[in-house]
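Now for the letters of each chain:
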Amino acid sequence: MYRYDHFDQIIVNERVQQFRDQTRRFLAGELTDDEFRPLRLRNGLYIQRYAPMLRVAVPYGLLRSDQMRMLAYIARRYDRNYGHFSTRQNIQYNWPRLEDVPDILAHLASVQMHSIQTSGNCVRNITADHLAGVATDEIEDPRPYCEIMRQWSTFHPEFNWLPRKFKIGVSGALADRAAVQWHDIGLYLVRNDQGEVGFKVLVGGGMGRMPMVAVVIREFLEKKYLFSYLEAILRIYNLEGRRDNIHRARIKVLVKSLGAEKFREKVEAEWLRTRDRLILDEKEVERVKAFFTPPAYDRSAVDDKTLERHIAADPAFATWVKRNTRAHRVSGYRVAFVSLKPPGVAPGDITSEQLDAVADMADRYSFGQVRSTHDQNLLFADVHQAHLYALWNDLKRHNLATPNIGTLTDMICCPGLDFCSLANASSISIAKQINDRFTDLDYLYDLGEIQLKMSGCMNACGHHHAGHIGILGVDKDGVEFYQIQLGGSPGNDAAEGERIGPSLGKGEVATAIARILDVFVEQRDGDELFVDCVRRIGIEPFKARVYAGVESKKVRAYAHN
Amino acid sequence: MRIIDKQLQMVDDDWEIADEDADLSAHADVIVSAAHWQKERDALSTRAGRLGLKIGGDTPLEGIAPDLDRFALVALEFSKFSDGRCFSQARLLREKYGYGGELRAVGDVVRDTIDFMRRCGIDSFALRPDKDAEDALRAFKELSVRYQTAVDGAVPVYRQRR
Ligand code: SF4
Numbered sequence: 000m001y002r003y004d005h006f007d008q009i010i011v012n013e014r015v016q017q018f019r020d021q022t023r024r025f026l027a028g029e030l031t032d033d034e035f036r037p038l039r040l041r042n043g044l045y046i047q048r049y050a051p052m053l054r055v056a057v058p059y060g061l062l063r064s065d066q067m068r069m070l071a072y073i074a075r076r077y078d079r080n081y082g083h084f085s086t087r088q089n090i091q092y093n094w095p096r097l098e099d100v101p102d103i104l105a106h107l108a109s110v111q112m113h114s115i116q117t118s119g120n121c122v123r124n125i126t127a128d129h130l131a132g133v134a135t136d137e138i139e140d141p142r143p144y145c146e147i148m149r150q151w152s153t154f155h156p157e158f159n160w161l162p163r164k165f166k167i168g169v170s171g172a173l174a175d176r177a178a179v180q181w182h183d184i185g186l187y188l189v190r191n192d193q194g195e196v197g198f199k200v201l202v203g204g205g206m207g208r209m210p211m212v213a214v215v216i217r218e219f220l221e222k223k224y225l226f227s228y229l230e231a232i233l234r235i236y237n238l239e240g241r242r243d244n245i246h247r248a249r250i251k252v253l254v255k256s257l258g259a260e261k262f263r264e265k266v267e268a269e270w271l272r273t274r275d276r277l278i279l280d281e282k283e284v285e286r287v288k289a290f291f292t293p294p295a296y297d298r299s300a301v302d303d304k305t306l307e308r309h310i311a312a313d314p315a316f317a318t319w320v321k322r323n324t325r326a327h328r329v330s331g332y333r334v335a336f337v338s339l340k341p342p343g344v345a346p347g348d349i350t351s352e353q354l355d356a357v358a359d360m361a362d363r364y365s366f367g368q369v370r371s372t373h374d375q376n377l378l379f380a381d382v383h384q385a386h387l388y389a390l391w392n393d394l395k396r397h398n399l400a401t402p403n404i405g406t407l408t409d410m411i412c413c414p415g416l417d418f419c420s421l422a423n424a425s426s427i428s429i430a431k432q433i434n435d436r437f438t439d440l441d442y443l444y445d446l447g448e449i450q451l452k453m454s455g456c457m458n459a460c461g462h463h464h465a466g467h468i469g470i471l472g473v474d475k476d477g478v479e480f481y482q483i484q485l486g487g488s489p490g491n492d493a494a495e496g497e498r499i500g501p502s503l504g505k506g507e508v509a510t511a512i513a514r515i516l517d518v519f520v521e522q523r524d525g526d527e528l529f530v531d532c533v534r535r536i537g538i539e540p541f542k543a544r545v546y547a548g549v550e551s552k553k554v555r556a557y558a559h560n
Numbered sequence: 000m001r002i003i004d005k006q007l008q009m010v011d012d013d014w015e016i017a018d019e020d021a022d023l024s025a026h027a028d029v030i031v032s033a034a035h036w037q038k039e040r041d042a043l044s045t046r047a048g049r050l051g052l053k054i055g056g057d058t059p060l061e062g063i064a065p066d067l068d069r070f071a072l073v074a075l076e077f078s079k080f081s082d083g084r085c086f087s088q089a090r091l092l093r094e095k096y097g098y099g100g101e102l103r104a105v106g107d108v109v110r111d112t113i114d115f116m117r118r119c120g121i122d123s124f125a126l127r128p129d130k131d132a133e134d135a136l137r138a139f140k141e142l143s144v145r146y147q148t149a150v151d152g153a154v155p156v157y158r159q160r161r
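Which chain is which? The protein sequence lines are A and B, in order. When the count follows numbering that gives the first Met the number 0, it moves up by one through the first sequence with no breaks and lands on 560 for the last residue. When the count follows numbering that gives the first Met the number 0, it moves up by one through the second sequence with no breaks and lands on 161 for the last residue.
No lab work stands behind these hints: they were computed from the structure. Predicted model, so just to flag it, every value in this text is computed and none were measured. For glycine and all other residues, C-beta sits at the position ideal for the given N, C-alpha and C. Misleading hints may appear alongside valid ones.
Stated by the list, open to error - Output of the computed footprint for chain B on chain A, the stretches with three or more beta carbons under 8 Å from beta carbons of chain B:
#: 1; segment: 11-17
#: 2; segment: 33-44
#: 3; segment: 149-161
#: 4; segment: 231-239
Said to hold, decoys possible - Derived DMTMM-like pairs (lysine to aspartate or glutamate); straight-line CA-CA distance at most 25 Å:
#: 5; chain 1: B; residue 1: K38; chain 2: B; residue 2: E15
#: 6; chain 1: A; residue 1: K265; chain 2: B; residue 2: D57
#: 7; chain 1: B; residue 1: K130; chain 2: A; residue 2: E98
#: 8; chain 1: B; residue 1: K79; chain 2: A; residue 2: D33
#: 9; chain 1: A; residue 1: K255; chain 2: B; residue 2: E61
#: 10; chain 1: B; residue 1: K79; chain 2: A; residue 2: E239
#: 11; chain 1: B; residue 1: K95; chain 2: A; residue 2: D280
Turn these sequences into a full structure, and let the hints steer you where they fit.
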């Protein structure tokens with residue numbers, strides 16, 4: 000994992016001082032609300048419904064155990080004993096005091112962390128495949144490039160005041176686990192016919208009011224041109240993106256209005272002008288790559304016989320291994336998920352005790368590292384199979400072993416009305432409703448992989464457009480309603496889900512999902528995945544069942560939602 | 000106009016931003032809008048005083064590029080401090096069009112944006128009048144290390160690491 004050198008440390012330290020002074024000027028009345036807002040946002044600090052919210056960057060989801068302990072310490076000392084992992088692999092605190100934030104940032108800097116550009120109209124935290132470096136289907140590890148781009152985008156003088164936020168996602172594997180096509184810029188590491196590895200560049204993806212899947216604008220980009228190409232895209236966007244309407248300001252709107260081909264022409268022209276002046280420095284790539292070499296694996300791990308014995312002896316453990324662990328590139332090792340979706344807990348929430356416990360487990364079982372995933376769980380990337388049983392026992396003690404990874408209840412859920420000042424409706428209470436309804440894990444296992452994603456408003460922080468089942472909270476004269484859409488996907492087959500009909504009342508969501516699942520069970524072809532079934536039979540059968548018995552008058556009344 | 004100049008000193012200089020219908024005294028150093036320039040280029044060209052051009056984030060640079068050598072100064076107008084288009088305009092003027100004259104930030108120019116403006120090739124700053132100049136000058140000392148190269152000639156960190 001990357002470690003700061005002298006220069007990186009100076010940069011975060013100076014940022015703490017800079018923000019301390021900005022906060023002081025604000026509190027002294029030298030900066031107005033309007034002037035301070037974009038400055039604090041560039042440090043991840045929001046003023047939310049009840050309190051400030053601080054979003055801390057977890058670059059491409061990687062954390063060391065000492066950093067986890069610091070996150071726990073901050074939760075204990077400055078917050079209410081918990082944090083919340085977001086869909087950008089970051090962690091958020093819901094209750095810090097504005098006056099304390101400079102001190103919190105100083106604590107973060109002491110463990111090589113920061114909250115730089117976790118909000119605001121600038122390049123945000125770059126996300127990546129959570130299995131990077133251990134996936135069995137990987138072409139090249141994307142993390143060195145993510146780190147290089149993190150540095151390039153940090154305080155980039157030209158692109159700090161873009162029309163709107165800007166998200167970059169990267170995958171180096173065949174299977175897209177990073178929702179790459181839903182990003183403003185999506186990058187896939189690919190191999191060309193000559194066997195060289197470079198980037199496939201996509202642009203214009205994004206959720207929110209106008210969901211769009213990104214389009215490919217370059218099939219193959221030599222690595223040395225990474226910066227020049229990114230800068231060309233950002234420059235065109237910075238100059239031509241709309242600034243008159245916040246809902247039309249993302250790059251996707253520009254790509255759509257120009258047309259992908261015209262946009263591509265502009266980018267390529269700008270890139271041809273600049274590409275030889277801004278070559279990615281090979282030595283720097285090598286330097287950064289050296290931080291991501293594999294840890295010292297035990298080559299005899301595969302000879303272990305204890306895992307098999309524990310699986311045979313303990314069915315609950317066997318279930319957990321099956322559901323919450325994944326194959327590792329090195330035989331004898333597994334990837335183990337830490338489920339942050341136990342029943343009764345807001346998805347992605349984690350207490351300071353759990354943060355500390357995870358840090359200890361990371362030290363004990365996974366080379367001192369842990370990762371956050373974009374679907375709001377954590378994982379240990381490198382667990383010796385002989386340690387899985389002990390790990391499971393530790394996880395269980397801390398309520399982190401719910402064997403539901405990949406199932407319906409492993410849902411993405413934004414903070415919604417409980418915290419967020421933009422929300423139209425509660426999402427955490429709907430998550431609870433779904434958890435209360437679907438308690439039979441065997442039923443959930445039979446259903447296979449289903450990605451349920453839920454947002455409390457059109458901003459789509461809960462990725463509802465990309466859910467196999469997507470739920471969107473809407474507000475109708477002060478009353479919460481919910482729209483359901485089906486057939487979306489975050490992966491290689493990225494697509495926006497299709498809305499099944501009028502929005503439903505708050506008490507009806509879990510029932511509607513039960514009906515949708517009934518249709519799936521009846522219509523399913525063998526082991527077919529839910530999303531494939533939806534795509535095969537269309538949404539009509541689901542729609543008919545969900546609205547069966549709902550009076551037509553009521554349907555009409557909601558129809559304009 | 001009171002500005003922060005290239006040497007990061009607060010100074011008064013003689014540039015004035017001229018209204019389109021104002022009577023221009025022949026010897027004054029005036030900054031005119033692009034529209035003004037297009038309309039009265041002949042009259043403006045024969046004046047004795049120096050000429051500056053004011054553009055905004057939405058001014059297409061191709062249109063003014065052929066005339067750039069007529070201007071001793073180009074003023075980039077930031078309509079709002081959060082409108083970042085002129086950062087790119089500045090870089091393009093320097094790096095694409097090779098403009099070597101003075102680039103001046105005018106409009107909503109505040110402490111928290113001027114350091115990055117400087118990195119993009121802007122070399123003088125007409126601060127918003129209500130802002131304290133001594134305070135603003137601190138902006139240039141906040142960050143001492145740069146991750147990326149820009150127009151300012153900063154040696155990016157990745158080259159210092161070798
Ligand atoms: S989707 Fe809406 S309600 Fe949910 S966190 Fe984002 S802005 Fe807030």
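How the hints compare with the structure:
1. Under the rule that three or more residues need a Cβ within less than 8 Å of chain B, the assignment of the segment 11-17 of chain A holds, with 4 such residues.
2. With 3 residues having a beta carbon nearer than 8 Å to a beta carbon of chain B, the segment 33-44 of chain A meets the requirement of three or more and the stated coverage holds.
3. Counting residues of the segment 149-161 of chain A whose beta carbon lies closer than 8 Å to any beta carbon of chain B gives 11, which meets the minimum of three for the stated coverage.
4. With a cut-off of 8 Å between beta carbons, the segment 231-239 of chain A has 3 residues touching chain B; three or more are needed, and the interface restraint holds.
5. Proximity of B/K38 to B/E15 is assessed by CA-CA distance (about 19 Å); at most 25 Å being required, the pair is judged to hold.
6. A C-alpha spacing of about 16 Å is found between A/K265 and B/D57, which places the hinted pair at or below 25 Å, so the restraint holds.
7. At roughly 24 Å between alpha-carbon atoms, B/K130 and A/E98 fall within 25 Å of each other, so this suggested pair holds.
8. Taking the CA atoms of B/K79 and A/D33, the gap is near 11 Å; set against the 25 Å cutoff, the hint holds.
9. Our distance criterion of 25 Å between C-alpha atoms is met by A/K255 and B/E61, whose separation comes to about 24 Å.
10. The suggested pairing of B/K79 with A/E239 holds, with an alpha-carbon distance near 16 Å, which does not exceed 25 Å.
11. A distance of roughly 22 Å separates the Cα atoms of B/K95 and A/D280; the hinted pair therefore holds under the 25 Å criterion.
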